[in-house]
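2 protein chains.
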Amino acid sequence: MEKNGISRAVIKRLPRYYRYLGELLESGTERISSGELSQRMNVTASQIRQDLNNFGGFGQQGYGYNVEYLYNEIAKLLGVDKQHNMIIIGSGNLGQALANYTNFQKSGFVVTGLFDNNEKLYGKKVRGIEVLPMERLEKFISANHIEIAALTVPKSEAVKTAQMLVKYGIKAIWNFAHTDLDLPKEIVVENVHLSESLMRLSYNLIRTEDCGSV
Amino acid sequence: MEKNGISRAVIKRLPRYYRYLGELLESGTERISSGELSQRMNVTASQIRQDLNNFGGFGQQGYGYNVEYLYNEIAKLLGVDKQHNMIIIGSGNLGQALANYTNFQKSGFVVTGLFDNNEKLYGKKVRGIEVLPMERLEKFISANHIEIAALTVPKSEAVKTAQMLVKYGIKAIWNFAHTDLDLPKEIVVENVHLSESLMRLSYNLIRTEDCGSV
Numbered sequence: 037m038e039k040n041g042i043s044r045a046v047i048k049r050l051p052r053y054y055r056y057l058g059e060l061l062e063s064g065t066e067r068i069s070s071g072e073l074s075q076r077m078n079v080t081a082s083q084i085r086q087d088l089n090n091f092g093g094f095g096q097q098g099y100g101y102n103v104e105y106l107y108n109e110i111a112k113l114l115g116v117d118k119q120h121n122m123i124i125i126g127s128g129n130l131g132q133a134l135a136n137y138t139n140f141q142k143s144g145f146v147v148t149g150l151f152d153n154n155e156k157l158y159g160k161k162v163r164g165i166e167v168l169p170m171e172r173l174e175k176f177i178s179a180n181h182i183e184i185a186a187l188t189v190p191k192s193e194a195v196k197t198a199q200m201l202v203k204y205g206i207k208a209i210w211n212f213a214h215t216d217l218d219l220p221k222e223i224v225v226e227n228v229h230l231s232e233s234l235m236r237l238s239y240n241l242i243r244t245e246d247c248g249s250v
Numbered sequence: 037m038e039k040n041g042i043s044r045a046v047i048k049r050l051p052r053y054y055r056y057l058g059e060l061l062e063s064g065t066e067r068i069s070s071g072e073l074s075q076r077m078n079v080t081a082s083q084i085r086q087d088l089n090n091f092g093g094f095g096q097q098g099y100g101y102n103v104e105y106l107y108n109e110i111a112k113l114l115g116v117d118k119q120h121n122m123i124i125i126g127s128g129n130l131g132q133a134l135a136n137y138t139n140f141q142k143s144g145f146v147v148t149g150l151f152d153n154n155e156k157l158y159g160k161k162v163r164g165i166e167v168l169p170m171e172r173l174e175k176f177i178s179a180n181h182i183e184i185a186a187l188t189v190p191k192s193e194a195v196k197t198a199q200m201l202v203k204y205g206i207k208a209i210w211n212f213a214h215t216d217l218d219l220p221k222e223i224v225v226e227n228v229h230l231s232e233s234l235m236r237l238s239y240n241l242i243r244t245e246d247c248g249s250v
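The listed protein sequences derive, respectively, from chains Y and D.
Reading the first sequence from the start, the letters are residues 37 to 250 in my numbering.
Reading the second sequence from the start, the letters are residues 37 to 250 in my numbering.
To be clear, the hints were calculated from the coordinates, so they are not data collected in a lab.
Fair warning: this is a prediction, and the values are worked out from it, not measured in the lab.
No false leads were mixed into what you were given.
The list makes no distinction among identical chains, and a pair is therefore deemed to hold if it is satisfied within one copy or across any two copies.
Within a straight-line C-alpha distance of at most 20 angstroms, the following computed DMTMM-like cross-link-like pairs (lysine to aspartate or glutamate) qualify: (1) K48 to E226; (2) K48 to E232; (3) K196 to E171; (4) K48 to D117; (5) K118 to E104; (6) K142 to D117; (7) K142 to E232; (8) K207 to E222.
Sequences and hints are given; from them, build the entire structure.
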């Protein structure tokens, strides 16, 4: 259990609850029963009730849950009720793809800077944001109070770039390089290891095929 | 437990074992003790011994594990000992970024086709692979025996594109669209929900900051 009494398993489901509730809000749904949410989430209704109790979602028998209330409570828990400025280090295809994702901005993550050490990219604009040379990183971070950096540099440069980011004041790194960053404990690292995801896919694929041939 | 007796938790660690063992192989390490592997993996040595026993990795007291043997066994389990041809549907920044990742190819995932419905992209080449119009998808899949498709189209087109892929014979979808695909059970879907990853980062970041201010 975490210090606020919410288990890791629930926390893992929070972004999904947030997504579903957001879709319900957009479609104008004001209330939802645990049964309906259960069908969408592919989780049992009793699990849903247990989960939502954790963050003040007390459904009323016959009335269900207030969608907007739950949505806002989960937003606060996730820290997406406020704006987070984010920079992207490595402005190749992946960095540019992230900068182009308007969805992140809807959840409060606003890309305010793009950096690269390839001078051919300097001045290139993605959604109005100019790619800047790495030399301007330190000042940019402190002037704009940036806490989050997405790291989309090649694996070979990831560790030293991450250390530099921490030295300049970055508190959380969204790491796309397939390597361990080995940073101080207080730095938040969220890894997106695409190769590992692809291996899980392949693991499941060969087992599905085994079943098919039996 | 899965039918072959390996638990889900172990399976989740397999890609990481594979990565570490691969790095050890590259650096010329022939044998490794559970203690050394434990330090790298951030898992207890006894957990490592338990895990590796699952796939025939019986270390010898004082000699440790044979790195190459374990690496090959895990490769077989993950299905990365063979080549998998993969196509990418949606050839924007993200699709191009995936096509450019040489790392996937090292694990046997070879991008052989890129597709898009934006005619401005037709003919554009990424690592020698030409972007083709969606009209050529069906023939391409059957002619090249493609089983895996990465889905990097906008959220609004994801569901119908996925259904089309399944109709054309695709067995596994690597889904980057932030939505549920709702496909037949036998289709493997591996989701990469970047927004959810970013929310976990933010969840952890605000808690780290809380601690700092206490």
